[in-house]
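Chemist: Protein chains in written order, with our numbering: chain X, 1 to 220; chain D, 221 to 440.
Don't read these hints as lab results, they were simulated from the structure. One or more of the hints may lead you astray.
What the hints assert, rightly or not - Some chain X residues well away from chain D (every beta-carbon gap over 10 Å; in silico): (1) P48; (2) Q66; (3) C77.
Said to hold, decoys possible - Among chain D residues calculated to face chain X with C-beta under 8 Å, some are: (4) Y347; (5) R351; (6) E403; (7) E412; (8) Y413; (9) Y417.
All values derive from a computational prediction rather than experimental measurement. Using N, Cα and C, we set each Cβ at its ideal position, and we do this for glycine too.
Protein chains: 2
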Amino acid sequence: MWVPGAAGRPGLAVAMAAAAAGLALAMAARRWRRRRPVREVLFFPSPPSCTEELLAEAAGPGAPAQPCPCPLPRRDCSLSRLLRLLLSARRSLDICLFAFSCPQLGLAVRLLHRRGVRVRVVTDAEYMGLRGSQIGLLRLAGIQVRHDRGHGYMHHKFAIVDRSMVITGSLNWTTQAIQTNRENVLVVEDAEYVKLYLDEFERIWEEYNPTNYRFLSQGQ
Amino acid sequence: MWVPGAAGRPGLAVAMAAAAAGLALAMAARRWRRRRPVREVLFFPSPPSCTEELLAEAAGPGAPAQPCPCPLPRRDCSLSRLLRLLLSARRSLDICLFAFSCPQLGLAVRLLHRRGVRVRVVTDAEYMGLRGSQIGLLRLAGIQVRHDRGHGYMHHKFAIVDRSMVITGSLNWTTQAIQTNRENVLVVEDAEYVKLYLDEFERIWEEYNPTNYRFLSQGQ
């Protein structure tokens, strides 16, 4: 009977040992290279800064490469970090947001949709119609938006990127909140937390599904 | 020379081995018993429920033991869980809150202050004077409260328990938000996150310190 092994074949044994060592090294290097899960907190207000280059870069190679003529500094700030985290989405972005009027964040979400990321947005019925709201532009771009119908506010302010990262806190995505309020946004890439937020998102998404709406017919 | 050891003394060797094993077992048991850090998310609305017993229990042995006559169910809910997390404070409670009008949460904070927990509250100048605000009652009880003075809102909604647990999210501590809004509160007991929130709290606490206020004198 032939037994797999290298007994009596020293050359093969050396080669196999070297291959095993190489594999172990490659695995160790892979572990080393593996990105540490994102764990951070962004604080606001974020100083006014130009995010045009960041957004143009995200729009892809076909985007105009002219430098933005505006006088705002191009610094890293909480807004640019939030944009980068959102723009890191490759497959899905689920957003649950009370107020959404920040043009840069609106553009980032539309860019992701254009890039093929599955974007879903839940928002508050009362606030989505206010002047400056981004919700109309998102819908115009073909993004699915659902909203509450009951009393009370849909007051969440969270997003889930690629079903693996939660972005949550006190921040509504409005320019006023970003530039003038004291706000915090906690970012966590942790399956335990993500599952809880995903479950809440799916619950709300289904609850606000317009095909489930019931309308009173005449005479009722 | 005497060398510590049990060579030649089998009885002692057995006793020492047993003691070592016992110690190892005790340490293992301690590790086993050690509480897992809190990692949870509370979702709202929280159904109306009676929290009188929970608060009476927290008020200590001198508190009246009569059962509450109200018809509300005594169920566990997001509000009771939030109360329990806050009431677990033994040394300090730092709160940064846009709107604070929930009477149960106000009472819990006053109980902690009465119990000797160091309570500090930061809030929004515009919202702290609204009808139903708990801020006046907290100040009346002798709790230190500071507020913003600039434009923009102090829109944070977080608390830090014993400098070791962060409670943050979209929830203002108001009855309306608790009972009718869609809200989330993330709880994390993790030194990395806690440090970031503590630093922000201390920054704001110092910035809103009334001894740093500058007033314009006449003629200026």
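Chemist: Run through the hints listed earlier and report the numbers of any the structure violates, in increasing order.
Modeler: 4, 5
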